[in-house]
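S.K.: This is what each chain is made of:
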Amino acid sequence: MRKYHLVRRADSQLKRTLIYYAIGILISLTIGAVILISLGINPFEYYGRMFTIGLVGNRYGYKSVEGLLKIFVPLLITSLALSLSFKMRFWNIGGEGEFLIGAICASIVAFNSSGLPNFVTVVLMCLAAMISSGIIGVAIAALKVKFNTNETLMTLMLNYIMLYVIRYIGDTKADWNFFLRKDSERPIFGSFPESAVMQGIHFGKFNLLWSVIIAVILTVIIYIYLKFTKHGYEISVVGDSSSTAKYAGMSVGKIVLRTMFISSALIGLAAALAVSSAGTVSDTITNDVGWTGIIVAWLSKLSVPAVFVTAILISVLQYGCQAAATQYPAIDINFADLLQGIILFSVLVADFAANFRLVKKEEAKNA
Amino acid sequence: MLDVLTLFLFNIIVYNIPLLYGTTGEIMIEKSGSLNLGVEGTMAIGAVAGYLAGAKCDSLLVACLVSFIASGLVGLLFSFLTVTLQANQNVTGLTITTFGVAFYYFIGNALSNSKGGWPTLSGTGLDAQSQAIHIPFISDIPFVGKALFSHGILVYVGILIAILMWFYFNKTVPGLKLRSIGENPAAADSLGVNVAFYKYTHIIVGSGIMGLGGLYMGLNMGGTFEGSNCWINGYGWISIALVIFANWSPAKAILGTLIFGFFNTLRVQNAALAYTFPNTLGWLTKIPSHFFSALPFIITLIVLITSSLTSKGKSGEPQAIGRNYYREDR
Amino acid sequence: MEYAIELKGISKSFGPVAANKNINLALAKGEILALLGENGSGKTTLMNMLSGIYMPDSGSIFIDGKKAQINSPEDSGKLGIGMVHQHFKLVERFTALENIRIGMRGEGRLFHGADVRKKIEDTAAKFGFDIDLDKKVSNMAVSEKQTLEILKVLCYGAKIIILDEPTAVLTVQEIDSLFAVLRKMKEDGHSIIIITHKLNEVMAISDRVAILRHGEYIKTVVTKETNEKELTELMVGRKVDLNIDRPVIEKTLPLLEIRNLTVKSDEGAVAVDHINFYIRGGEILGVAGIAGSGQKELCEAIAGLRPIEEGQMIHEGESIVGMSPKKILDHGISMSFIPEDRLGMGLAPSLSITDNMILKNYNESKGIFVDRKSAREEAQKVIEKLEIVTPSTETPVRRLSGGNVQKVLLGREIKSGPNVLITAYPVRGLDINSSYTIYNILNTEKKKGVGILFVGEDLDVMMSLCDKIMVICHGKLQGVVNSDHTTKEEIGLMMTGTLNIVNKEGKTDGIAKDSAITDEEGKA
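Protein chains in written order, with the numbering used here: chain A, 1 to 367; chain B, 1001 to 1330; chain C, 2001 to 2524.
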């Protein structure tokens, strides 16, 4: 007879959860440190360098911040968008695919925008990306609602189909293909005209791109949307219990469609901002945000403020690894992915520990 | 002319058997009711661990054992998180992919930059053992002999695993119990089937099989490590698609591998074919290779949608897939 | 007497609710024992402890005179106990043969011999089962599924067989053949426990009857030495005066009329069978019936959550058939149903009390924002009025204790000011004080002129609280009685299907004299 069994804790305290999470992250960093030591690298120096993203003692420190933000903005928006659908228990793992659709459609506008004012072009790019991604999201949601098609697998397939679409565009020299540079024999993605490149506000040398400001405003809007609006309320109810939602007279199908449109459109927006900030498009433009976004959303338990913080941390991890690579050539960006994985595993364990406790079973008393 | 066709058929098998490993491994896991999206990462870890151990000991057997164990450990991690800790399967699987691929690059880069360098394959005993086996007479049959019976041992093992797995699922008692868990864990539990034990063992074995597929890919690529190109190269994802295409049947997975493999090989060899048969197959060069790359995913998407439109009864999809089982929920 | 099973001092609680209290029960070898008790009397819980799903908090189990530990379904199977659950545990996509083979013991670990099929066929033949072993469960009718379940436990060599309400899903003919099988099993030396509510069945099949009431063991009687009247008395107990107010209000015209309503259950069986009834303003109409007699389906049909097969539902002269749940709500019909798990329907457990308050009317405020300020005030009012114990209005409902959860639900339903209030099991699992709070709330609503349909479990409560009680048995109306002119025994007999007073003595039960439905409409 098993002496112990697990019991779900009746209350879940934020404080305890945070402590367990912190322990989990600490353990992950320790595992990372062991790996570093085995490669003969002093983990304190390395982590020091990583978490300061190469700012310390760097004349071009502002460049580091700009680079970090370029990673941060798409990741933040994608994670928020994914949280929106996950909150409804809709398994949209098609972030990569939706991002690429958005990127392609935004680029179509960008490459054909010569002569248009910058502001107009960027807005048009965003609209094109949001509408195209949103339509795909709605199509998938409709199949799910109507025929209960497995959305996890559908969105997974979408990711790869879109990846090959953009590779095709990038590899095919043809008259119609305005994506590529005309002056190169080899197929290379061209640069956007000036009109399509994201501008920013200059603080000395530091250029704060508008996309960052948009992302921060968007975070606030999504926070308000989820927390205070009727739509947000509906999403919580559908996610919590769709039978209760039906009972309350909500039209669950409509809510799923609407939310998936918003979720996918936001990912499209992230893509538009990313291509505009980069001034070009490529098949690696997603920087894996569709995947990383899922991890960020889950680490944050789908809470908007937590997504904001986690997205910063993951961006620091990734950019810090890149920055540190200049000094430690043996350790590249993959270390960030490795650490990211270990952190998520630890946090999953920590989450369990915070919500369950081991109880000793009392022997059945004989009456 | 015949050479081109022989080579074409030969390549369908040689280059795409890893899909069979990935698919059969994933089928075994999905039959237990778990959806593991970590195929790519599991294969990557099995590949790098198996290859390095095999190169060290100069033995294919060691390579296979180690890759099976290494990937099996990844399976253990997945089972622990999803079965015992009830963590979300999608997130856990995707993280295993991120983690596994990063692990592959990380170890590879670290070794390449180290003093000893990355171990090379050519000329080693490991290389020799994984080369094609010449079966007397059979391998000499014209066309068929070269195309079908001149392969390395891992090709035959892969096909054997698929056949054995089909037999295991459909003819044995544990196979029946496993399928009942994937369909209705509460029913299986009420009949005294140890659900957690079955899930653990089959997720571990399924992951181990994926690891062998990863190892095969590494050996097939000549064991060379490139900093930017993972050996697995998306085959893990195609495997997940193939599971759906094969309707969760290991036997159909063999057929599916050949079909997906056909397009995959067409992508690589379309020029050669078009050149050999300019009149009949000349148009092949007009089709972009990306189309062939995307084809497995497009086909699977179509299969997924059409099978949900038609009756659910025929689909082999385990009914309880993706949901964690918790006895007290009943 | 030699006993196959002896239970001594078994107790089991779920949180604060005691499901079984110090139960002593014995099953003699080779007998059929009927386990009789009202809904919530703890029969299924007790049997689940024998089948290894639950473990008792205290007490001991003896099988064939030896003390036994049952920790899992497997242990139970090894001890020769087989249970046919009320909700079948079958793999839909497998054939009958495959379903049986999953749990076969002692037939080889890896392969089953070629004779397994033969053995199963022999067992089937021995007990006279007519079953196609290669038929998929998904293609089977309910009775076939049940046959399969029984065959399953017989094939596993169970000597002690427990059937949880096996007749609930069967037709009369099917029940007859089931009983024939049970008798054959008995001749073959099997010991059988059958849970049922139908007294005629108890009388027909059992050797002895054990009665549970409110989780307590009452007594075991020999079937031959008893009669339906005595059993009913034992089951429902003597009338207890509860001192619940029943204010008399001047009744208005029928607010809600149900005519010829037929509804199917999730399994496709007829759950509500041509029922007629009406509710007037200012009255509480009780619905009495054994669990699973169609109460849930009836409530869901009225609330627009379940399509109806046949019949009419008229609310204040307007048909509500085919309306969306939202529309019906807007009409002033409010439904609250407390399912067994208490949280399943009507509440979003992770959301706060405030958020649950506005579940049905969040859309009525202007603008895009949810009006949480007034929601919070309302929540505060409801908390005060219903004495809900909670740290704050922002506490997730999941964290509240059962009674408080129910008060939140009922509080919200009343808040919207409905004129027809349908409430099912509102005091399920509540302590006395909380229950009285809820009765008071219902009476307050009644005084306002609201028509209330009260689906309940406890007959004492219903007879004190309700003006009239309508009794259903297996989806059929057995009659409507006036609480002042009936007895517990009468209702008990009606609940078990022994007594039917519909249309007796010229009474047209369930159809109001001043019905808003014309005769022609009624016939349609």
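For the record, the hints were derived by calculation from the structure and aren't laboratory data. Quick caveat: nothing in here was measured; it's all calculated off a predicted structure. Where a beta carbon is used, it is the ideal one built from N, C-alpha and C, also for glycine. Do not take every clue at face value.
Examples of chain A residues lying across from chain B (beta carbon under 10 angstroms, computed) [claimed, not checked]:
1. Pro43
2. Tyr160
3. Tyr164
4. Thr172
5. Gly190
6. Pro193
7. Gly204
8. Ile213
9. Asp337
10. Gly341
11. Ile342
12. Asp351
Simulated crosslink set (DSSO-like; lysine-lysine; CA at most 27 angstroms straight-line) [said to hold, decoys possible]:
13. C:Lys2251 <-> C:Lys2468
14. C:Lys2373 <-> B:Lys1171
15. C:Lys2373 <-> A:Lys87
16. C:Lys2186 <-> C:Lys2119
17. C:Lys2251 <-> B:Lys1177
18. A:Lys246 <-> C:Lys2264
S.K.: The structure should be examined with respect to each hint, and the outcome stated for every one.
M.R.: A quick look at each hint next to the structure:
1. Pro43: Cβ of Pro43 (chain A) sits 15 angstroms from chain B, so the hint is violated.
2. Tyr160: 4 angstroms, holds
3. Tyr164: 4 angstroms, holds
4. Thr172: Where the cut-off is 10 angstroms and the nearest Cβ of chain B is about 6 angstroms from Thr172 (chain A), the hint holds.
5. Gly190: 19 angstroms, violated
6. Pro193: With a closest approach of 27 angstroms, the Pro193 (chain A) hint is violated.
7. Gly204: 36 angstroms, violated
8. Ile213: Violated: closest Cβ of chain B sits about 30 angstroms from Ile213 (chain A), beyond 10 angstroms.
9. Asp337: 3 angstroms, holds
10. Gly341: The hint holds - Gly341 (chain A) has a Cβ within 10 angstroms of chain B, the shortest such distance being about 3 angstroms.
11. Ile342: 7 angstroms, holds
12. Asp351: Asp351 (chain A) check passes; min Cβ-Cβ to chain B is 8 angstroms, inside 10 angstroms.
13. C:Lys2251 <-> C:Lys2468: With Cα atoms ~12 angstroms apart, Lys2251 (chain C) and Lys2468 (chain C) stay inside 27 angstroms; holds.
14. C:Lys2373 <-> B:Lys1171: Violated, at about 64 angstroms.
15. C:Lys2373 <-> A:Lys87: Within the cut-off at roughly 24 angstroms; holds.
16. C:Lys2186 <-> C:Lys2119: 20 angstroms, holds
17. C:Lys2251 <-> B:Lys1177: 61 angstroms, violated
18. A:Lys246 <-> C:Lys2264: Measuring from Cα to Cα gives roughly 19 angstroms; hence the hint holds.
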